[in-house]
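Colleague: Sequence:
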Amino acid sequence: TFSVPRVVRLLTDNSIGQIPHPNLCRLRDQHTRIENRVVVPGTNNNLPEFTGTQAELKFKVKAEEGSRFTIRLFKHEDNQEYTSLIFDLNNHRISFSREFSSHTPGTPGDFRSGDYIFDYRDTIHVNIFMDRSTIEVFVDNLTVFSFRVYPSREDSNQIDFIVPVGQAEIVSLDAWTLKDMRDVDSDEVCEPEFLPERFRTMDDLLGI
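Taken in order, the sequence shown gives residues 80 to 287; the numbers are from this note's numbering.
Mixed in with the good hints, there may be bad ones.
[As the list claims (entries may be wrong)] Mimicking EDC-like on lysine to aspartate or glutamate, the simulated pairs with C-alpha atoms at most 16 Å apart in a straight line are: (1) K141 - E248; (2) K137 - E248; (3) K258 - D108; (4) K137 - D253; (5) K141 - D201; (6) K137 - D108; (7) K258 - D201; (8) K137 - E272; (9) K137 - D239; (10) K139 - D253; (11) K139 - E114; (12) K141 - E114; (13) K137 - D210.
[What the hints assert, rightly or not] Pair ranges (Cβ atoms, derived): (14) P84 - Y229: 17 to 27 Å; (15) H110 - D282: 33 to 43 Å; (16) S212 - F190: 10 to 20 Å; (17) D266 - T183: 34 to 44 Å; (18) D282 - H182: 43 to 53 Å; (19) G193 - D259: 30 to 40 Å; (20) V87 - H182: 28 to 38 Å.
It should be emphasised that the hints constitute simulated quantities derived from the structure, not laboratory data.
Positions of the beta carbon are idealized from the N, C-alpha and C atoms, including for glycine.
Starting from the given sequences, assemble the full structure and let the hints guide the process.
Modeller: Next comes the structure, spelled out in structure tokens:
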């Protein structure tokens, strides 16, 4: 699923890095910004200011060592339908869960994960593009994963940020609704704030 144009880079460790194409900011429409929100562990409904199913979300998150935080997308207000993006700093893994993404029989309900070395001393950047059934997640301007979901209810349009383990703060969240590409009338280009040269390794964390 590659619905969003991107830039592919060869990194110094001979791996591939990916970022959203800088022209994509031309799609941005109504803007919501949230800053310095410490999320109480175990609570829900922590981002009531923004809803949408066709949106761009740019999170900057600071999480303590060993923490785990979850971003929920396409969430219904009754918390019975949602899709989860899980960032596990203790086990150094990023996952997504479609277990509760739809009540429609036969839709995917799987859980997938991959290794990703976090540094709790640094800010985690998560850039998400949602387009009705498509979700694309870029992390730290390095890696991306893409998948589709099929919510069964039209009002499953809430966003949430949950901290099951540890402590995490939303340093900032910039959220935009997105225009139809045929309505774009801008020539804006949004270059990334930073471009890492390589992926982190466990040796980096251990100081070896």
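Colleague: All hints, please: hold or fail.
Modeller: Hints versus structure:
no., hint, verdict
1, K141 - E248, "holds (5 Å)"
2, K137 - E248, "holds (14 Å)"
3, K258 - D108, "holds (6 Å)"
4, K137 - D253, "holds (5 Å)"
5, K141 - D201, "holds (7 Å)"
6, K137 - D108, "holds (14 Å)"
7, K258 - D201, "violated (32 Å)"
8, K137 - E272, "holds (12 Å)"
9, K137 - D239, "holds (13 Å)"
10, K139 - D253, "holds (9 Å)"
11, K139 - E114, "holds (9 Å)"
12, K141 - E114, "holds (12 Å)"
13, K137 - D210, "holds (15 Å)"
14, P84 - Y229: 17 to 27 Å, "holds (24 Å)"
15, H110 - D282: 33 to 43 Å, "holds (40 Å)"
16, S212 - F190: 10 to 20 Å, "holds (19 Å)"
17, D266 - T183: 34 to 44 Å, "holds (41 Å)"
18, D282 - H182: 43 to 53 Å, "holds (45 Å)"
19, G193 - D259: 30 to 40 Å, "holds (32 Å)"
20, V87 - H182: 28 to 38 Å, "holds (37 Å)"
Figure legend: structure checked against the earlier numbered hints; the only hint not met is number 7.
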